[in-house]
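Q: Sequence:
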Amino acid sequence: MTPASPIAALVAAAAEGDQRAWNEIVERYTPLVLAVIYRHRLRPADAADVNQTVWLRLVEQVGKLREADALPGWIATTTRNECLRMLRIQQRTQPFDPLSADEPVSPDDAVADLDEEMEAAERRQALREGFRSLSQQCQVLLTKLMADPPPSYAAVSEQLAMPVGSIGPTRIRCLDKLRKTPAVLRLVDPRPVGGGGVLGVEGRSGVGKR
Numbered sequence: 001m002t003p004a005s006p007i008a009a010l011v012a013a014a015a016e017g018d019q020r021a022w023n024e025i026v027e028r029y030t031p032l033v034l035a036v037i038y039r040h041r042l043r044p045a046d047a048a049d050v051n052q053t054v055w056l057r058l059v060e061q062v063g064k065l066r067e068a069d070a071l072p073g074w075i076a077t078t079t080r081n082e083c084l085r086m087l088r089i090q091q092r093t094q095p096f097d098p099l100s101a102d103e104p105v106s107p108d109d110a111v112a113d114l115d116e117e118m119e120a121a122e123r124r125q126a127l128r129e130g131f132r133s134l135s136q137q138c139q140v141l142l143t144k145l146m147a148d149p150p151p152s153y154a155a156v157s158e159q160l161a162m163p164v165g166s167i168g169p170t171r172i173r174c175l176d177k178l179r180k181t182p183a184v185l186r187l188v189d190p191r192p193v194g195g196g197g198v199l200g201v202e203g204r205s206g207v208g209k210r
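Here the working numbering is used: the first residue of the sequence shown is 1, the next is one more, and so on.
Treat the hints loosely; a few may be bogus.
Stated by the list, open to error - Calculated cross-link-like contacts (lysine to aspartate or glutamate; reagent style DMTMM-like; alpha-carbon spacing at most 20 Å):
hint, residue 1, residue 2
1, Lys64, Glu16
2, Lys180, Asp148
3, Lys180, Glu158
4, Lys177, Glu122
5, Lys180, Asp69
6, Lys64, Glu158
7, Lys144, Glu122
Simulated from the structure, these hints should not be mistaken for lab results. In this text the structure is predicted, and so the values were computed from the model without any measurement.
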């Protein structure tokens, strides 16, 4: 496993049947799946079906990912495709009810929302990965200062046995270290994904370049 590519390490381990890696992938990216599903406003039963199908597709394809770091894009694209498939089924089998509050979103509107969801998920994931690579002192200090409502410097000083005058400079240094972590640097200046677009699976097409 390489510290600079935790997603690739997870994918490689999952492809070898590591259950802990699978559990972490599911825990990490379920919010992305649910966010894409929510944008399509599916019925609960259909949403559950899409959620299950996405993970089944990943089980089938995890060994074929050419670019393991493209996993978030693959998951978002697969979820979108399954949602659109479900919407097409609904349109064929159900009459349109103009008074229904559960009218599904159109495929065109769903496509417009996908990039926004993917970018937000990528930002959250990069920050989590970068945060985990910080020293314990930085993690504890930033966690304290990001509380809602934020505590006073005096309270933080007492809790961490840190002089009040050093809290601000230490916070700045910790944030600078966070910005320089590989995960956050990749977010700011991402490496190009080769060949298969963001999907990165043999024989499948991906979302177009942004």
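Q: Any of the earlier hints contradicted here, and which numbers?
A: Numbers 2, 3, 6, 7 - these are the hints that the structure violates, sorted from lowest upward.
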